[in-house]
Amino acid sequence: MDAFTPQQTIELISRTGAKKAKMRLDKLWWNSVMAGPLLGFGCAITLSTNASPWYQENAPGLIRTISACFFPVGLITVVLTGADLYTSNVMFLPVAFLHRRCNLLDVAKSWFISFFGNLAGMLFFMAIIVGYGGVFSSSAYKAESITFAVGKAVTPGWHQIFLKAIGANWLVCLAVFMAISAREISSKILAIWWPITAFVALGMDHVIANMFLVPMGIWNGAPISVGYYIWKSMIPALLGNTIGGGFFVGTVYWYLYLTGEGAAQVDFGIGGQGTAIDEVGGPMGRAHSHTAVCKHCGASSSDEGELPDSAGKMKSGVGRELKPAEVKRENQDSVDHV
68 MDAFTPQQTI ELISRTGAKK AKMRLDKLWW NSVMAGPLLG FGCAITLSTN
118 ASPWYQENAP GLIRTISACF FPVGLITVVL TGADLYTSNV MFLPVAFLHR
168 RCNLLDVAKS WFISFFGNLA GMLFFMAIIV GYGGVFSSSA YKAESITFAV
218 GKAVTPGWHQ IFLKAIGANW LVCLAVFMAI SAREISSKIL AIWWPITAFV
268 ALGMDHVIAN MFLVPMGIWN GAPISVGYYI WKSMIPALLG NTIGGGFFVG
318 TVYWYLYLTG EGAAQVDFGI GGQGTAIDEV GGPMGRAHSH TAVCKHCGAS
368 SSDEGELPDS AGKMKSGVGR ELKPAEVKRE NQDSVDHV
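Residue numbering for the sequence shown follows the working numbering, starting at 68 and increasing by one per position.
Worth double-checking, as some hints may not be accurate.
Listed below are the simulated BS3-like cross-link pairs for lysine-lysine, each with C-alpha atoms no more than 30 Å apart in a straight line [said to hold, decoys possible]:
#: 1; residue 1: K89; residue 2: K209
#: 2; residue 1: K89; residue 2: K299
#: 3; residue 1: K86; residue 2: K209
#: 4; residue 1: K299; residue 2: K209
#: 5; residue 1: K176; residue 2: K255
#: 6; residue 1: K299; residue 2: K86
#: 7; residue 1: K94; residue 2: K255
#: 8; residue 1: K89; residue 2: K176
#: 9; residue 1: K94; residue 2: K209
Don't read these hints as lab results, they were simulated from the structure.
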């Protein structure tokens, strides 16, 4: 099977979170700054496509869906370049923490730096590249940027932005989850494309994307103050995105696939259907056995593959990678014998 199973995918997310937790702070900062403009390109093309007055009057749902189809360009570039986006880090870091691979200070540090790094990068892109660059200098684009900003920060209530933000990052983190489960570039792109298109077409709120969309409207004269934007848009979107990605994706799949399960064996080779059935774990897992016969002495050994009780100690395949060299050699000798 040419994709990782859900159990293998959440194991890889846990490993990625552990690596992000220990990243050098200067690299974490600049990697987060870079994520802002990359996502900003998707925001800009979405706003540009929305600047269609006839469609806004006669077919607003259609033009919103068409523009949503171009927004995934931003997240695709973020994921494929390994940039640090706050709204995906809220999935990676909690899984690593729950898997006992980092501590709360690591989580707080990564979230804080990635959020403000994204903000710095996005404001640079909005002001320097798009603003002073004159990308939206025509009246139609200016009018649309103001309308869009008002629709994001003024029209909906605080609780509505919060709830829409939960849905938005639920879909964003599902897109990242599925991209990690895919093995080749084309599958990763398709895995990202549709969930991201869905959240944008539904008009949900993504706190990092709004760092472009609302300030762009303010830049062009929207009647929104910075303080109003922070209180009415940024804070509820931030809280909602954190819950949407951290709980509904990270925590839920950690519970389903990494608590009380056997070690998640991640094979980077490509197997067939039988491989997928043997590798699957979590609630879809089943007991199975493998019997090996020694070619020298005829002795047999069996691995029943029974899943441990959910109250048992959590285990992870990464432990095999961290074993001392002599233990690895002993294991290899026993495999050679069997």
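Hint by hint, where does the structure go against what was stated? Just the numbers, ascending.
1, 2, 3, 6 and 9
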